[in-house]
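Whole structure, please, built from the sequences with the hints as guidance.
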Amino acid sequence: MSTATLAKTATSATVEFRALRRTFGATTALDGLDLTVNPGELLALLGPSGCGKTTALRILAGFESHDSGQVLVDGEDVTRIPAHKRDAGMVFQSYSLFPHLTAIDNVAFGLRMRGTGKAQRRRRAQELLELVGLPQRAEHYPHQMSGGQQQRIALARALALQPRVLLLDEPLSALDAKVRLNLREEIRRLQQELGITTLFVTHDQEEALSMADRVAVLRAGRLEQCAAPSELYARPATAFVAEFVGTMSRIPCERAGEGTVSVLGRRHAVDGAMPATGDLHVLVRPENVLLAPSPQGPALVVSASFLGAVTRLTVRLADGTEIKADLPTEGATALPVGSAADIALPDRPVLVDRR
Amino acid sequence: MAQLISRLRVWRGAVLLLAGIYFLVPMAASVWFSIDDVNGIGFDAYTGLLSAPGFTDSLWLTLGLAAVTVVVLLLLLVPAMIAVRLGSPRLRPVLEVVCTLPLVVPPVALTAGLIGVLRWGPDYLMDTPFFQTFVFIQQPEFPLVLVIAYVLMALPLAYRALDAGLRAVDVRTLVEAARNCGASWPRAVFAVILPNLRGALLNASFLTLALVLGEFTAASILGYEPFSVWIYSVGNSQGQMSVAVSVLSLLITWVLLLLLAAAGRERHHKTATS
Numbered sequence: 001m002s003t004a005t006l007a008k009t010a011t012s013a014t015v016e017f018r019a020l021r022r023t024f025g026a027t028t029a030l031d032g033l034d035l036t037v038n039p040g041e042l043l044a045l046l047g048p049s050g051c052g053k054t055t056a057l058r059i060l061a062g063f064e065s066h067d068s069g070q071v072l073v074d075g076e077d078v079t080r081i082p083a084h085k086r087d088a089g090m091v092f093q094s095y096s097l098f099p100h101l102t103a104i105d106n107v108a109f110g111l112r113m114r115g116t117g118k119a120q121r122r123r124r125a126q127e128l129l130e131l132v133g134l135p136q137r138a139e140h141y142p143h144q145m146s147g148g149q150q151q152r153i154a155l156a157r158a159l160a161l162q163p164r165v166l167l168l169d170e171p172l173s174a175l176d177a178k179v180r181l182n183l184r185e186e187i188r189r190l191q192q193e194l195g196i197t198t199l200f201v202t203h204d205q206e207e208a209l210s211m212a213d214r215v216a217v218l219r220a221g222r223l224e225q226c227a228a229p230s231e232l233y234a235r236p237a238t239a240f241v242a243e244f245v246g247t248m249s250r251i252p253c254e255r256a257g258e259g260t261v262s263v264l265g266r267r268h269a270v271d272g273a274m275p276a277t278g279d280l281h282v283l284v285r286p287e288n289v290l291l292a293p294s295p296q297g298p299a300l301v302v303s304a305s306f307l308g309a310v311t312r313l314t315v316r317l318a319d320g321t322e323i324k325a326d327l328p329t330e331g332a333t334a335l336p337v338g339s340a341a342d343i344a345l346p347d348r349p350v351l352v353d354r355r
Numbered sequence: 001m002a003q004l005i006s007r008l009r010v011w012r013g014a015v016l017l018l019a020g021i022y023f024l025v026p027m028a029a030s031v032w033f034s035i036d037d038v039n040g041i042g043f044d045a046y047t048g049l050l051s052a053p054g055f056t057d058s059l060w061l062t063l064g065l066a067a068v069t070v071v072v073l074l075l076l077l078v079p080a081m082i083a084v085r086l087g088s089p090r091l092r093p094v095l096e097v098v099c100t101l102p103l104v105v106p107p108v109a110l111t112a113g114l115i116g117v118l119r120w121g122p123d124y125l126m127d128t129p130f131f132q133t134f135v136f137i138q139q140p141e142f143p144l145v146l147v148i149a150y151v152l153m154a155l156p157l158a159y160r161a162l163d164a165g166l167r168a169v170d171v172r173t174l175v176e177a178a179r180n181c182g183a184s185w186p187r188a189v190f191a192v193i194l195p196n197l198r199g200a201l202l203n204a205s206f207l208t209l210a211l212v213l214g215e216f217t218a219a220s221i222l223g224y225e226p227f228s229v230w231i232y233s234v235g236n237s238q239g240q241m242s243v244a245v246s247v248l249s250l251l252i253t254w255v256l257l258l259l260l261a262a263a264g265r266e267r268h269h270k271t272a273t274s
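Respectively, the protein sequence lines represent chains A and B.
For the first sequence, position 319 matches number 319 in full-length UniProt numbering, and the numbering has no gaps at all.
For the second sequence, position 150 matches number 150 in full-length UniProt numbering, and the numbering has no gaps at all.
Mixed in with the good hints, there may be bad ones.
Label-pair restraints from in silico Cβ distances [unchecked claim]: (1) B:A262 to A:D204: 44 to 50 angstroms; (2) B:P89 to A:D204: 45 to 51 angstroms; (3) A:A26 to B:F142: 53 to 59 angstroms; (4) B:I137 to A:S65: 41 to 47 angstroms; (5) A:I81 to B:W120: 49 to 55 angstroms; (6) A:G25 to B:L125: 56 to 62 angstroms; (7) B:F136 to A:I81: 44 to 50 angstroms; (8) B:G121 to A:A220: 57 to 63 angstroms; (9) A:P135 to B:P89: 35 to 41 angstroms; (10) B:F190 to A:A220: 38 to 44 angstroms; (11) A:R18 to B:G121: 58 to 64 angstroms; (12) A:G25 to B:L101: 26 to 32 angstroms.
Simulated from the structure, these hints should not be mistaken for lab results.
If you're wondering where the values come from, they're calculated on a predicted model, not measured in any experiment.
Beta carbons: idealized from backbone N, C-alpha and C, even for Gly.
In structure tokens form, the structure reads like this:
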């Protein structure tokens, strides 16, 4: 079965979470989640531990019940359908291959449950193994394979029944860095070729930003923002999103009029709504901080981290505020640790938050 | 360092030798006693076993009791343990305490309790269908009351064996993975969980079998004659034959243990060669 054949037979679905709520005792895991996943889209659910992302996925898979709200797949409420009839393939964090079955039997398991004949299911399982690049491992048992290989087999198993939705529950978190990088490219390639609607749960922002068509950031069971990775990074809707996605420094600022603040001695327009009361901080990304060597400058370089093409400097202001700034590595040599520098922000609207 | 290793080897050898003497000398003495004849060596004690009155009856009774005990025990324990792991993990300590409780009840006390119930029951249940139940479970041909006693006695051993097996597999995730692949609850358990508990099921069965083969107190006090009681009664009249039977039962136990180990190794070998 080539990806083209699979893509032809695959049916991508629209998934909608409507006012989904789930509590565990006094803990609210999902607090009225509203979210739509478009057909053929890879949507990453991103957030810190306990934000409800895995709960949402498990409710969609049928492994968890909900208190109220709806989960619609192509307009049909699936919350009353048992897990084994939901038509959603899932890849778990802990591989979850059946230890007593070989790779090919693992992949063919779902087809066996459906009553597909032995010859046919083995042929299809073999084709899926080729799809994930492991045809030579067909007769190996899970304990004879590496973590990355096991996860590929788990992916093939999830795709075997040609599900309408593919659910990935932190599938890369148990793998080492290099395998993780390869596998995430592999998953993305397959997802795009098959055009299957995919929900990908992760707490790794880099993973979410690099793989997903859109990223939904969750916090305490609520959706903070759902947007394309570039938009999420450049125009975060809330301070939480701004600080959770990428690196942010907080710089104290003063109100300087309607929709304007004064920071580092200059006035800047505020991006979005400005809190009506209270002291404010400007949120700024390291690549947006401008530094120039100056013996009388207000910023003192306190540390430098080499990141390859750029070097991340941490500078300290007189009031103790620490700000991170990314400079091209060649330029950063002019600002060694202990040197002073002038500091400024680009002349564009800034994001502010309460102190 | 080399000196330390050689000293450790000497100690290891000494401990092994002592343990070997401790186990092998009584066994060798038993074998020698069972074949010692006035004319040299003879196997009359072994050849006469099959024709000895009560041998086959007691052996079959014991094997039958063991088989039923194993089945009842596994039917009780396996679903309960899987259900607790999947549905109510908080109840695990409760189940553990309940299952290991028989360890602190001596067989004599357990049997005394059973006798009390058996005496009390018919008086109170004379006019109810339960009276026939009391009669039925005490039939000499197949005393189910012994199965009840054996199930209680084997409960801690079987629980430990199964618990070790369940700890080795991520039951919840495997069931979820199976259900995600279209398996209903029962199929998920039968197609995924039980095959991965094969070793634990064999261990629990073997321990139960070994316990039933050797249990004497309950059967003797309740007045039945399974294999262990028969050996004891034969020992009073035919000492050589009773020792021969003991040696034979030891061999049977070893064979069962080897079969268990072979069954466990079979899969390992299968996976290694693949």
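Next on the checklist: Let me make sure I understand: some of the numbered hints might not hold for this structure. Which ones are they, in numerical order?
Outcome noted: 2, 6
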